[in-house]
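In order, the protein sequences belong to chains D and X.
Per our numbering, residue 1 is the first one in the first sequence, and the count goes up by one each step.
Per our numbering, residue 1001 is the first one in the second sequence, and the count goes up by one each step.
Warning: the hint list may mix true and false statements.
Below are the DMTMM-like pairs computed for lysine to aspartate or glutamate, each with C-alpha atoms no more than 20 Å apart in a straight line [unchecked claim]:
hint : chain 1 : residue 1 : chain 2 : residue 2
1    : X       : Lys1079   : D       : Glu112
2    : D       : Lys82     : X       : Asp1009
3    : D       : Lys79     : X       : Asp1022
4    : X       : Lys1157   : X       : Asp1171
If you want the footprint, here are the derived chain X segments under chain D, 3+ residues with CB under 8 Å [claimed, not checked]:
hint : region
5    : 1004-1018
6    : 1022-1031
7    : 1057-1064
8    : 1083-1091
It should be emphasised that the hints constitute simulated quantities derived from the structure, not laboratory data.
Even glycine gets a Cβ: it sits at the ideal position worked out from N, Cα and C.
There are 2 protein chains.
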Amino acid sequence: MDLYSYIRDVPDFPKPGIVFKDITPLLEHGPALKDALDRMVEDARTLEIDKVAGIESRGFLFGVPIAAALGLGFIPVRKAGKLPFHTNQVEYALEYGTATVEMHIDALQKGERVLLVDDLMATGGTMVAASRLVEAAGGVVTSCNVLVDLSFLNGRKALGNKRFHTVLAYD
Amino acid sequence: MDLYSYIRDVPDFPKPGIVFKDITPLLEHGPALKDALDRMVEDARTLEIDKVAGIESRGFLFGVPIAAALGLGFIPVRKAGKLPFHTNQVEYALEYGTATVEMHIDALQKGERVLLVDDLMATGGTMVAASRLVEAAGGVVTSCNVLVDLSFLNGRKALGNKRFHTVLAYD
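So here's chain D without its partners, still in its complex pose (with noise of 0.2 Å):
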């Protein structure tokens, strides 16, 4: 299934000259979407991982579906002043500015391996962010998994060595 003609290019969003990559036709078609999940799946299922953990918010739009069908739970990574429990915090730069990200400081027991989820990665510094709170809580990064990379950003380097896997890409 050609995954790429479900992705919508929307210009000048969130301001001018940004092509926004919409994946909501992907959504909001059956099979597309079930097409995508199980590639995210069959993904996640070649890892030693403990729990799945997903980035507000279109993160927990993917990152639900593969903890429940490998049996995991799930850790929401959510935006400043969301989670209402005591919080570790990470402050980062967007490519639209700034941002900060907290996640429940008892999301995790010591040493549990975390596959970081989240829609799309353009230069990876969500994804940097979330990384640094599974570490602050005590936890591993096994992988960082998106539905769509924006390989042009070069997101990937941002990650360094870790593993980092994508269905859709673009040059």
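Based on these hints, arrange chain X on the given structure of chain D.
Just chain X now, with coordinates in the frame of chain D:
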């Protein structure tokens, strides 16, 4: 499985006097997450629906697994300014202020039957606003399903004669 034991009360969040129902312990426990999703899917299977819509951002956690289990597409209902394409908007009163939700204008075909999913229903304001978005896009809401209903806030009344299903209820 007693899923209530995986819901944590957090007092004074997001503001003094509110006791927040924190679902993260349930999400983070693999068997509890699986059981919750299984119960939500079991109910959804009884419905004649064409698509599943989930409300940002915790509705994404449950909406996509339900859609995927049924082989259906998923529609994200998002806060203002997040969706990149043309949208309909509905402004509504929240328990703690006001908010605006949006849906892409091309998310539905005329007459499609939609299951609305969120993590929690309080006064029902968000669910009613999302219902209006479905109707504005030409769809019909078949049922409103959540993990947690704060029954003492009587959100069901706000839904009128719409079908409603919850896994957990607090009287």
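What hint numbers does the structure not satisfy?
Hint 1 is the one this structure does not satisfy, whereas the remaining hints hold.
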